[in-house]
Structures are given as structure tokens and as C-alpha cells.
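S.K.: Each protein sequence line maps, in turn, to chains A and B. The first sequence begins at 1 in my numbering and counts up one residue at a time. The second sequence begins at 427 in my numbering and counts up one residue at a time.
Once the Cα atoms are required to be at most 30 angstroms apart in a straight line, the calculated DSBU-like pairs of lysine-lysine come out as:
| id | chain 1 | residue 1 | chain 2 | residue 2 |
| --- | --- | --- | --- | --- |
| 1 | A | 93 | B | 645 |
| 2 | B | 645 | A | 265 |
| 3 | A | 413 | A | 228 |
| 4 | A | 150 | B | 471 |
Worth flagging that the hints you see were computed from the coordinates, not collected in a lab.
Here's the letter readout for the chains.
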Amino acid sequence: MKKLLAALAVAAIAALPFGTMAGAEEEVTLTIWDWDEAHLTHMTEWYHEKHPNVNFETLVVATADYMQKLQSAVASGSGVPDIILSEQGYRGKSFDLGIMEDLSKDPYNVGPDEMFDFAYQLGSGPNGELYGVEQQICPSGFAYRRDLAKEYLGTDDPAEIAEMISDWDKLYDVATQLKEKSGGSVAILPGISLCNQILLNQNVSDYIDGDNIDLTGRFTHMFEILTKFNQAGLLGKQEDGSPALSASYAAGEILFYPCAPWAVKWNIATNDPDGSGNWGLTQAPDGGFTYGGTSVSIYSGSEHKEAAWDYIKEVYCTGEGVEEAYRQFGFMTGFKAPYEDENSYFFTEEGQYDAFFGGQNLADYFINTIAITTQGQVPSKHEANVKSALSNVAAQMAAEPDMTLEDALEALKAEVQMLIPTAVLS
Amino acid sequence: MSAKTKKRLSAVGKQMILIVMTFLMFFPLYIVFIMGTYYSEDIFKGIPVLPSDYLWENLKMVFSKGFVRAYINSIAVSAGSVVISVVVSTMIGFALAKYSFRGKKLILGFVLAVMMIPGQISLIGYMLEMRMAGLNNTLLPLIFNWAAHPLGAFLMVQFISDGVPDELLESARLDGCSEPGLFFKIVIPCIRPGFVTLATMIFLWSWNNYVLPVIIVNKQELFTIPLMVNNLSNAFRSDYGAIMCALSLSILPMIVIFSLCSKTFIKGISAGAVKG
Numbered sequence: 001m002k003k004l005l006a007a008l009a010v011a012a013i014a015a016l017p018f019g020t021m022a023g024a025e026e027e028v029t030l031t032i033w034d035w036d037e038a039h040l041t042h043m044t045e046w047y048h049e050k051h052p053n054v055n056f057e058t059l060v061v062a063t064a065d066y067m068q069k070l071q072s073a074v075a076s077g078s079g080v081p082d083i084i085l086s087e088q089g090y091r092g093k094s095f096d097l098g099i100m101e102d103l104s105k106d107p108y109n110v111g112p113d114e115m116f117d118f119a120y121q122l123g124s125g126p127n128g129e130l131y132g133v134e135q136q137i138c139p140s141g142f143a144y145r146r147d148l149a150k151e152y153l154g155t156d157d158p159a160e161i162a163e164m165i166s167d168w169d170k171l172y173d174v175a176t177q178l179k180e181k182s183g184g185s186v187a188i189l190p191g192i193s194l195c196n197q198i199l200l201n202q203n204v205s206d207y208i209d210g211d212n213i214d215l216t217g218r219f220t221h222m223f224e225i226l227t228k229f230n231q232a233g234l235l236g237k238q239e240d241g242s243p244a245l246s247a248s249y250a251a252g253e254i255l256f257y258p259c260a261p262w263a264v265k266w267n268i269a270t271n272d273p274d275g276s277g278n279w280g281l282t283q284a285p286d287g288g289f290t291y292g293g294t295s296v297s298i299y300s301g302s303e304h305k306e307a308a309w310d311y312i313k314e315v316y317c318t319g320e321g322v323e324e325a326y327r328q329f330g331f332m333t334g335f336k337a338p339y340e341d342e343n344s345y346f347f348t349e350e351g352q353y354d355a356f357f358g359g360q361n362l363a364d365y366f367i368n369t370i371a372i373t374t375q376g377q378v379p380s381k382h383e384a385n386v387k388s389a390l391s392n393v394a395a396q397m398a399a400e401p402d403m404t405l406e407d408a409l410e411a412l413k414a415e416v417q418m419l420i421p422t423a424v425l426s
Numbered sequence: 427m428s429a430k431t432k433k434r435l436s437a438v439g440k441q442m443i444l445i446v447m448t449f450l451m452f453f454p455l456y457i458v459f460i461m462g463t464y465y466s467e468d469i470f471k472g473i474p475v476l477p478s479d480y481l482w483e484n485l486k487m488v489f490s491k492g493f494v495r496a497y498i499n500s501i502a503v504s505a506g507s508v509v510i511s512v513v514v515s516t517m518i519g520f521a522l523a524k525y526s527f528r529g530k531k532l533i534l535g536f537v538l539a540v541m542m543i544p545g546q547i548s549l550i551g552y553m554l555e556m557r558m559a560g561l562n563n564t565l566l567p568l569i570f571n572w573a574a575h576p577l578g579a580f581l582m583v584q585f586i587s588d589g590v591p592d593e594l595l596e597s598a599r600l601d602g603c604s605e606p607g608l609f610f611k612i613v614i615p616c617i618r619p620g621f622v623t624l625a626t627m628i629f630l631w632s633w634n635n636y637v638l639p640v641i642i643v644n645k646q647e648l649f650t651i652p653l654m655v656n657n658l659s660n661a662f663r664s665d666y667g668a669i670m671c672a673l674s675l676s677i678l679p680m681i682v683i684f685s686l687c688s689k690t691f692i693k694g695i696s697a698g699a700v701k702g
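Build the full structure now, drawing on both the sequences and the hints.
M.R.: Right under this line is the structure:
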């Protein structure tokens, strides 16, 4: 009998999906690089309390330096963290390094049905791999100042406003009236770089096939809208990431801002600290879009993949850490399970910034109104280059408001060709 | 108008120009100090000329992010870099300027060639080297980077060629001075301005170095000032008030060092400008 038990035990150990038993009691040290120090520190300490055998070596790396540091570590063959973050801006390039575990395969087996469509798409590779799960979801609508909405739209009700701007033509009409009524002191949206991001992430499609890139099919509609707004002078001058944009929230110069769950705190509440109760959230014209977002991946060369996956599951997928991250930081998982119960804490408890948004249940609105209409663009190296090219074109359009659809498309093709010399553009 | 009055007016004019130039040079620095007293989002509501009341909060933020530790690390790295770079560069300079040996021109050519190569190209190789030497997770890679500094070696070759007469070295040798004695007792005192100039420049470069620490440093407790300051921004928000406050504190050693060494530094810079 003893021999049989011993044989069974050996067989059970051999059947473990990973080479190590890190999930058991073995001491493990996971390395993580992250730019959000507060979240990183809190969640790793929280996890360590529950799993004392798992220790963490954390490093705060600025977003702008992350990719360079990661590439250097990969090239030198040392120091790559067990858990890798990829910001939306360079996610395609990061996935393209080929150093991340495919979470759709054994032993992870994450299926598309478990996640929101956009979350799965954003974490996917070009051949159906799943390289990362969302750190926090990024389905976006429009945040608006209630005082400006009442003054210029006659209502601050999210549903009524959503109806008023249900498509881009309607938004154009509202923007024109707003410009007239305010004498140009209030713009419908911030500068063209942000408008560009909204439209880019709304009309997603598979337009990249190897080196064949269908820019015309993918971006004609987008540039039609963008040039129309730009030529009419309806957009603000506050470009993405600029101090002017930060200052505009409190100054009341813009009616609508793109707003994902992370932006509630970092864009709205931080930049308008006295604006509690004066903000609302509504749908964007033509539905949701992704705005920002960060994926969390496992380094394929890690010696502690099991422990890394346990941590990711617990904190970013469906574990108790999801609730902790939501309560402490407002982070919302990209997995559907925690939202499936209608009595989930996401919907029944008041969120940190619900009062700031005039008592709106933000989690409920983000999940049940915005996320269900949101699609994500599958990232790739070429897609990241196209995005860079689009930023350059947006800057040109800001400098030359007369640029036409054709001009913009030509400029985009030239920029993309420069960044991807092997590309065959149409 | 008498000649005396003309002279006086001319002096007043010169002083006025100097005052205006000083104002132009120091105003941006002043603004950095003043911005450090503001709440980040208030900085951009207008040009902040007068101090605000947010200094204490900014200081708390800066010190809560490990400023003291980063300061100590930066001082250790910069001081170490200065010592190793100046000593090695001066030795190279002495050898190449005052000794004749086979391959001397080749070495000098190599030093010049290395100067042409951007430092970033060798970063990955340097990382590998440091890993193989087992120096990862220490501050030593940030110091050793300055040990083989081609510009330093080149400058020292020039300084020693021009500033140390061969006759002086010969006299010392005749008096029984050893070769190391020549280096420490004759060469270094003769090239003091060059020595201080190189030390000041290495200190400044090392203090402000950003790319190498970003790539090499993998531990929070080894952060230097530029890394720490950069971490006052995150993906979502840049705390410009705290950043300016940290920058103000971090540039103080630079100002002190430059003020103390300015005479020698300028002497060193202008040395060799006029060939005798």
C-alpha cells in the first residue's frame, strides 16, 4: 500500500504542469517592473501576506523607459522580470519580442469566453496567441462637466446626452452649436491627438496581413471625421499629455473628454480636485472604444512561471485580489466572471469616484453600457508603427487645419512607409 | 564730456549688460525653484514668479520617494566616477604624452576612434560584461563606466603635452625621482587646472547620467537622482511641482562645485587655446 501511495505521489508530482512546485510551499521570489508604485507595492504586500512563501523584487520603471529597459535586458540575456507589463502604446512591439508565454495554451488555458472581447483582442498576438491579460480594463466613454452640459446642452443626464451625440454627425452638429454659443471658448473635445485616439480605437479591423497594410480601408472613415472637425475648428488645442490638457479639466474649456476607468482618477479627479459632483459619464458616438490600457504577461524564460501565473490570476483575473485592487485603486478586471453576479461588489457598492461623478454607478456604466460595445485592436509590431505614424499625422493636421482626407491619407502612407520600409501599402 | 565721464559711462554700460545677462541666465533657474513651491496643476495657470504655499507638500512627496537614498547613491557614484576616471585618464595621458614606446600612435588613434562611437552602442555589451563580472545589483557598473573614458584620456594627453615641460621631468629623474613619483609629484601639480576641469566635467556627467542607470539599475535602493526624479511621474500624471522641487535640490551640489572650481575650470578650458 505504501509503495502504491508513494508511486501515486511521484506520478502526481510528475503530472504537474510546471517544472517547479512554486505554488506549494517553496520559497519563490518574483520580479516585477511596474510604473504604478502604489498599486505594485500594495498588491505585492497583500499577496505576500496570503502567500508568505512568495516574495517580490519590485522595481518602479517609468513608462517611457520600460520598453528600452526591457529590450536591453532581453538583449543582454539577464534581468528580465518574471512579470512584464506592456503599455498600450508599445504593446505590439513588446509582444513581438517573443518573450511572453501564450496564456491560451497549457497550462494556463485562458479562453476568449472568459474575457471581454476587447480585453482578449488587446492581449492577443497576430496568430491567436494570448500574450497578456489586462491590468485594468480600458473601455471608454466620454466624461463631461455637468455645469457645461447644462449650460450648452440643456441637460446633464447621461442617457439624454448619449442620445444627443449617438453618432459623429450628431456630435458635429452639437460641436458647431457649442462653438457658436460659447463664442469659441469651449470646445467639444480636446486637441486632435486625442480625437485621433478615439476614432482609431473605435473602428477596429484586421487591416494588417504580414507586410500588406490596408491603410485606405482602415483609416478613410476615420480621417473623414477627423478632417471635418479639424477644418471646422471645432476641436480644442489641448494635445495629449500636455500641461494645457491637464489644466483644461478645471478651467472648463472642453465639454467631453475620453474616459476609461483609469482616467476617472488620473485624468478627471486629479486635474479637477474641486470638481466633485460636477462630472458625468456618457457613451461616445458610435459606441465604446479602448483608451490606454496595460497588459500583464509572464516572461517565457522565467523560472517561476507557476508562481507568476498564480499571482496574475489572483490579482488581475478572477481571484480575491481583483476585489482588493478594485476597492483600493478602482482597477477593474478584464475577466467576465466577477461581474456575472448582479449583486457583485462592482455594482452594489459605491465606487471611490461615484460621488465625484454625481452619484453615477461608474462600474455598472462602464461594464454594462460601454464595455459591451467596445472592440479592441489586436496589437502587432506593424500596428504599433502605424500608431506612431498616426500620431505624426495628427500633429501635422493640428499645424495645418486645411489638410484634406486625401492629404492625411497620403501623409500617413508616407510616414508608415518610412517606419516599415518593407510594407506594401494600399 | 570728459574722458573720465566717458570711462565711467562705459563701465556703467558694461555693468548693465552684465546684470541683464545674469538675469537672463538665472531667471529660468529661479523659475525652477519657484515652481517647486507650487501644486503641479497650478504651475500652468500662468508664469509662477512668486513662491506659492505648496513647498512643504512637494518636499514631503520628494522625500517619501527615497530622495535621501538617491542623493547618497548619486554622490557615491559621482565621486567614485571622478576618482577612477581622473586617475586612469591622467595615467593614460602621461604615458601617451611623455613616453615613447611601440604602438603609441596606434593607441592614441584608438582613443580618438572610440571617442567617435556613441556610448549607447556599447550599452548591451557593457551590461553583459558587468553581469559576467558579477557586479549586477551594485553601483559599481555606474562608476566603472568612467574608467575607460576616451575624452578624458585625450584631454589629459593634451594637458600633459602642453603643461609639463620635458626638462622638468628630466631634472626630476636626475634628482632620483621614481616614475610614479614623477606622476604624483610633478605631473599632477603641473596640470591642476586640467585635472580639476576633467573632475568637474565627470562629476556633472555622472550626476546627470540617465540612460545607463535606467538600463543597469534593477533595484529601487540603487536609484540615482535622475531615476528618482523621473519616477515622480507615472503613466497617468506628472507631478511637476515635486519634480521641480527635487531638481532644485539636486542641482545645488552642481552650483556649489562649479562656484568653487569656476576659476580653475575656466583656466582649464582656456588652456591650450593659445599656442605658445
